[in-house]
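Residue numbers (our numbering), protein chains in the order written: chain G, 1251 to 2054; chain L, 1320 to 1442.
Please keep in mind that the hints were generated in silico from the structure rather than gathered at the bench.
Among these hints, one or two may not hold up.
[Stated by the list, open to error] Derived DMTMM-like pairs: lysine to aspartate or glutamate, alpha-carbon spacing no greater than 25 Å straight-line: (1) G/Lys-1406 with G/Glu-1470; (2) G/Lys-1724 with G/Asp-1714; (3) L/Lys-1408 with G/Asp-1714; (4) G/Lys-1864 with L/Asp-1405; (5) G/Lys-1897 with L/Asp-1405; (6) L/Lys-1346 with G/Glu-1848; (7) L/Lys-1343 with G/Glu-1848.
[What the hints assert, rightly or not] Negatives, chain G to chain L, calculated, CB over 12 Å: (8) Tyr-1514; (9) Ser-1527; (10) Val-1570; (11) Tyr-1738; (12) Val-1847; (13) Glu-1871; (14) Ile-1874; (15) Leu-1935.
Since the structure is predicted, the reported quantities are computational estimates derived from the model, not experimental observations.
Cβ coordinates follow ideal geometry from the N, Cα and C atoms, glycine included.
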Amino acid sequence: MKQSDLPPNQTKNNLAVAAKNFSEVSATAVFLVGILVLIGWQFDIGFLKSVHSGFVTMKPNTALGVVFLGLSLWLLQEKRMRSWLKYLGWGSALFVLFIGLTAVLEHITGINLGVDMLLFRESSPAPFTTFPGRMALNTAFCFVFFGISLLYLNIKTKNGLHLSVIPAVFSGLVALVVIVGYFYDISQFYFGAKFDTLMALHTALAFFIASLGVLFARPEGNLTRVFIGANLSGVTIRRLFPLAFLVPLLFIWLEQVGNRYHLYGHDFGMSITAAASIVVLATLIWVHAVLMEKKEDARLKAVKELVIATEEARRLSFLVENTIEAVAIVDLEDHNALRYVNSAWEKMFGYKKNEVENKREPLIIDAIKKNPALYKKFKASIAAHVPFYAEMEWERKDGKLVPVEVFTTPTQDPNTGKYIWFNTIRDISERKQAQGKLLKEKRVSELLAKDLKKFQLAVDSSSDHIMITDAEGKILYGNKAIESITGYAISEIIGKTVGQVWGGHMPKEFYVKLWHKIKTEKKMFVGELTNYRKDGTPYTAEVRISPILFDDGEVNFFVGVERDITRMKEVDKMKSEFVSLTSHQLSTPLTAIKWYVEILLKKKHGSEDKKNLKQIYASNERMIRLISDLLDVSRIESGNKFAIILKPKNIASLIKEIVDTSLISIKTKHRQGVIKLEDKFPEVLKLEIDENKIRQVFQNLIDNAINYSVDRIKISVGCKEEGGQIVFHVKDTGIGIPKVQQGRVFEKFFRADNTALLKSQGTGLGLYLSKAIVEGHGGKIRFESEEGAGTTFYFSLPLNRGKL
Amino acid sequence: MKKILIVEDELALLYALASQFDKKEFKVLQAVDGEEGLKTALKSHPDLILLDLLMPKMDGMSMLKELRKDSWGKGVKVIILTNLSDAEKIDEALKQGTYDYLVKKDWNISEVIEKVKASLGMK
């Protein structure tokens, strides 16, 4: 690109140099003219003084001025501007100005300053000379102009015009007029000869040359720039400008010659000169134009091609520069020098253009060398000049590795025959990542799909009836169990609300509670309800409805799981009935044993018999208690109301009674122990209780305390008032309940692991029933226990009922 | 001398109970089902009836209801003596104005007799 830029610049420079050379030569010529004239004056050589006898002489002062004019112009050439010589040049210019001003002053004021013949004397009268030795007025003015012009030679106006040009052109025109006058008849131009001196011919010629010299001393100026132009206008002016001078002058000269030999009359001569000038000039201009036309056409065509090529190149380079893919042009035949990289490349690898362009491109080779197989392939494709493709990791400037995809395409330069490799590099880290992610996602989604399928199958074929509704209760999904349980087809119920299909069978409060739970509290509702099948038969269902929430906590939809427990209920009822019936059937014989043993005991027996009878009685009592407990359990299980008959009872005396009985039973078991009654019992306090049941609770707790104490039994029983309730406690120092099992203490048939070693006879029903009894009274039961340290049970009974 | 009627289908229990009442203090009438019990009661007007609930022919509750329809029967003292301890039965019995509700297997005969004496104001 730069190479093609150079020739025009060179041409321009050459012409400028030529112009400057011309200026220097003209300066020398002017200088020499002045010197010759001075020699002419010195040795009185007429030819040198006036060119032609009868012509006006160049005055000695004029000659001196001309010498300095030439000298100044020579010294003020651009190339001397850096040397001290320029000061001499400006001094000479001042001198030229001084000579001109002096003469002008003499002409205007008429005062003879005595400078006219300072150097040489001129005899008087001299041809066309008013005052001998004094230069003509126009000559004097020309000196003034030249002086100014030379002083201003370096000064440029804002728009690039050299100020020196104006006075120089003016002087040149004055000189030209004089020269043309000499070609014709001098007298014709002797307009001021009666009162002034004429300008000498060689003065005029010197001035004309000097004015051209001044103009071309600074050829880059506005007026002269066109002359050194390499373009058509430059050619035109260089070719036609001299002709504009030469052709008229030639014809005027020819006419003068013709006149001299009287070949034709003056008028005819004038007209033929004019016509000939016109014809010749016009012809020359035509020839020039024709020559130019071809050149211009060729040039325009070239320009047009250039414009197109430039535009295309610009577009292409714009595209390449701004494409998102990294592009590099590599000269693989010149040490892999990078000739070009685009901005994406810069970005991708972290290098700046100027860091890598025209330097060895290390990246691709280094990257490829890591993989010997790839390097082999690469080398082969380079050698064969075929495109190369690879995925690899390239190192960025910061050392980070970028996974890239590289296309390397060879292009043969048609001019040089060399191969240029065009590399396109694409950052594939995202694609790699995406591929990895996609693979993972695919695997996950496959798994999910499998899982979902599994879930759907599971939900679909669950024996529980499962339903999904929106927040308003509209059914979105139902599983197969719905059809078998309710008799409704899924298609029948989808889109309807649950209420439309099954609503209204339960008391209003049930639904209020349900909606409050799932919509307001946003918690799972668990309840039992009676629903009706499509055919009208009722069934009992346990339903669990869970709200599924959005991230913001609003209800998204509900999942309802309903289990038909009709059968379970039936079985349960049968079980309860069985237990109940069995218990009742057992009750009668047990009662009979109890009563007959009682009768026998009243009679007199040997001590051995009495002991045996008592043993039978005690065992029977245990059986009776077990049956009672089982009956109670079956009642609780069947959901029947626990038979609690409330009557006012003095609690203190009840407890004393129980404690007394227990102390006796401790004695009969041959064990050591105390049961301490704390003294806070309100002696007259009466509570509304079921005496037998509460007795059962106390008995249970004290029996446990006894049974689960290892050595000495130490039990304390007490109570205190607490928020409208009376809280009893039974405290022991027994083996305690293992921490891990404390949650199961109130389960039925539960017995702690650490009781196995003891010879206790618990059924595991005592605490289960105690809890039911206490709760049946509106109280609560709890305990604190530490394994190895003892247990304290607390239970509360409402106080207000006792204040009757 | 107080007259009491024991209505009990289980003969072993009936004899055991009847045998323990002091002959000097009580005249003990016996019936083995509700029907017979009702007949005996209405005929003999005992001071107190010990009534079982689960019985053939007529159960205790039906007999009690019939009894309460009678002008004499509506005032007679009745103690339910049964092995049924369902809350509903107890409620129902108490509604019929029974004096007490005793679960047989929880009571000794002597305790039952104490109850009877207490209800008759004999102590």
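Least C-beta distance from G/Val-1570 to chain L larger than 12 Å: 97 Å, holds
Status of the stated non-contact between G/Tyr-1738 and chain L (beta carbon gap over 12 Å): 37 Å, holds
Pair hint outcome, G/Lys-1406 versus G/Glu-1470 [Cα-Cα no greater than 25 Å]: Satisfied, since the Cα-Cα distance of roughly 11 Å is no more than 25 Å.
Pair hint outcome, G/Lys-1897 versus L/Asp-1405 [Cα-Cα no greater than 25 Å]: 17 Å, holds
Outside-interface status for G/Leu-1935 - nearest CB in chain L farther than 12 Å: Fine: 24 Å to the nearest Cβ keeps G/Leu-1935 off the interface.
Whether G/Val-1847 stays farther than 12 Å from all C-beta atoms of chain L, as the label says: 10 Å, violated
Given hint G/Asp-1714 paired with L/Lys-1408 - CA-CA distance at most 25 Å: It is violated: about 37 Å lies between the C-alpha atoms, which goes past 25 Å.
Hinted pair G/Lys-1724 and G/Asp-1714, Cα distance within 25 Å: Holds, because 19 Å separates the two Cα atoms, which is no more than 25 Å.
12 Å cut-off, C-beta based - G/Glu-1871 kept clear of every residue in chain L: 9 Å, violated
Hinted pair L/Lys-1343 and G/Glu-1848, Cα distance within 25 Å: With a Cα-Cα distance of about 21 Å, the restraint between L/Lys-1343 and G/Glu-1848 holds, given a limit of 25 Å.
Cβ separation check - G/Tyr-1514 to all of chain L, threshold 12 Å: 167 Å, holds
25 Å limit on alpha-carbon distance, applied to hinted pair L/Lys-1346 and G/Glu-1848: Given that 25 Å is the threshold and the Cα spacing comes to 22 Å, the pair holds.
Checked against the numbered hints above, the structure violates hints 3, 4, 12, 13 and 14; every other hint is satisfied.
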